[in-house]
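There are 4 protein chains.
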Amino acid sequence: MSQRPYRVDVPLRWSDMDAYGHVNNVQFLRYLEDARVIGFQEWFGQDRSLLSEGVIVARHEIEYLAPLDFRHAPISVGMWATKVSGSSFSLAYEVRDPAEVGVVLYARAETMLVAYDFVSATPRRLRLDERTVLQGVSGDPVPFRWRERTS
Amino acid sequence: MSQRPYRVDVPLRWSDMDAYGHVNNVQFLRYLEDARVIGFQEWFGQDRSLLSEGVIVARHEIEYLAPLDFRHAPISVGMWATKVSGSSFSLAYEVRDPAEVGVVLYARAETMLVAYDFVSATPRRLRLDERTVLQGVSGDPVPFRWRERTS
Amino acid sequence: MSQRPYRVDVPLRWSDMDAYGHVNNVQFLRYLEDARVIGFQEWFGQDRSLLSEGVIVARHEIEYLAPLDFRHAPISVGMWATKVSGSSFSLAYEVRDPAEVGVVLYARAETMLVAYDFVSATPRRLRLDERTVLQGVSGDPVPFRWRERTS
Amino acid sequence: MSQRPYRVDVPLRWSDMDAYGHVNNVQFLRYLEDARVIGFQEWFGQDRSLLSEGVIVARHEIEYLAPLDFRHAPISVGMWATKVSGSSFSLAYEVRDPAEVGVVLYARAETMLVAYDFVSATPRRLRLDERTVLQGVSGDPVPFRWRERTS
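Line order of the protein sequences matches chains X, P, C and G. Per the numbering used here, numbering of the first sequence is gapless, rising by one per residue and ending at 175. Per the numbering used here, numbering of the second sequence is gapless, rising by one per residue and ending at 175. Per the numbering used here, numbering of the third sequence is gapless, rising by one per residue and ending at 175. Per the numbering used here, numbering of the fourth sequence is gapless, rising by one per residue and ending at 175.
Errors might be hidden in some of the hints.
The list cannot tell twin chains apart, which means a pair is met if one copy fits it or any two copies do.
What the hints assert, rightly or not - Okay, derived cross-link-like pairs now, SDA-like style, lysine to any residue, Cα gap no bigger than 20 Å in a straight line:
#1 LYS107 with ARG37
#2 LYS107 with HIS96
#3 LYS107 with LEU152
#4 LYS107 with SER144
#5 LYS107 with PRO147
#6 LYS107 with ARG171
#7 LYS107 with PHE168
#8 LYS107 with PRO91
Keep in mind that the hints were calculated from the coordinates and are not lab data.
Bound conformation, chain X alone:
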């Protein structure tokens, strides 16, 4: 990627741990949700947020690379667009320690989002200003490790 990903610090909660004493794998998807909520507000502005105008999650792919234990420091979610098409786009993520905390990479992930008109309950085309924003934060494909080994 020619540019550094947009980074959002996401706080952990003690309850994110499961009975094994590590952050539960499902909670990582919560962190990505929080990162999107924070990131979209910065990218698209409070008034015309993609989130309120409407996107729906069509797909997630996530790989877990290291166990994460609860700590008071947040994790840092790097986020960039990987594909922008007529009515959908994909967001890539890296879940890492913040630079001042450590160097561990915990997970890589990608979410496909479809622009949606909640009034008519149908997909809609991305607006020009939305496409412009997304192209400005576009980056490389996610180097998934295990996709090839799957079906």
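With the hints as your guide, set chains P, C and G onto chain X.
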């Protein structure tokens, strides 16, 4: 797939809905977790459960095909093994209405699990009896719709 | 109480456990929420549910009496009304093993609910039919053990 | 109270909202849990945390005073001890806007905690240093509004 998938009914909770009034996309991963917990006990037996002996989630892939609203009826998770290798295997899922409730397919998903020795904190080889069980529930690859369109 | 409380079976989820390996105390409130959703539909009918017409939670009180570990059997929530006033009422709960599973009492709790008009965003008076239903399921005060010892 | 309560900022998550579009009442208990985790580390020190030595939640009481909507600003949880006895103590909380955000009081609550020895699985007496810390953060009883009106 030559055989019908193993099916587990998973109850919804009212709190699975998010502010949009639909079941939140992340909660689908909770349903898959519950389906594994129930299914593994039946497949591997209460005493030698893969879950207690140890597996860790290495990867999830999920596609959302229809919105799911809270209702008192459970959803039905069909589950089968798609790949069994030396120390890992993948589980495929279909999240559907139970037959007596409807015909909607809400999501397809796949989880890669790695057999793990929690005492030594290292991956371990699948035992012969575990491989035999998994081969007995093996089935076709998941017909994901959007994987090709991703990076 | 002159009558037996209304009983609702509520399923556990593996993720209800926290890092201590027991069902987390906060998740008990989720069980009460699920019990209300199921119970109110039976008490008030699907079409004119108190929940959709509107109630808001004004207060919870809960005492934990025994640790609960995840198991496949549900817990049984007994539920009855303790106070019915002009625009609010209280629900009492006992969280127990279902009779066929055991005899442990895990928690006692009480929730105060205020009837609410979501359109005008103000409290409203309970309708006569709502009061009649609630009086039909009324019962004794909750025998809290520790309330006296608190402030 | 003769002193100002200890204050902890707790971040919200978008998923704390329920289908009504407000922060769900149960999630407030999560905020209190997070406040305890942060506060106890400061009060008791990282090495001899009450949490790791062991406390269990015996009781919660909470009153909801104003609806809370998701926003990027955290809520501020004020926290102080209200009772310290041989093997238990109570924590009081006020859930407010941080001073720089607003003046709304969202909830008052109290939790009774019992000191616990997880090795022997029995209650234990509070240590002298624990009692000293708790007495140093003691304050007034919680001015609950609705306790009298309950059973």
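Hints, verified against the model:
no., hint, result
1, LYS107 with ARG37, "neither (32 Å within a copy, 27 Å between copies)"
2, LYS107 with HIS96, "neither (34 Å within a copy, 28 Å between copies)"
3, LYS107 with LEU152, "within (15 Å within a copy, 43 Å between copies)"
4, LYS107 with SER144, "neither (25 Å within a copy, 41 Å between copies)"
5, LYS107 with PRO147, "within (17 Å within a copy, 35 Å between copies)"
6, LYS107 with ARG171, "both (18 Å within a copy, 13 Å between copies)"
7, LYS107 with PHE168, "both (15 Å within a copy, 18 Å between copies)"
8, LYS107 with PRO91, "neither (29 Å within a copy, 23 Å between copies)"
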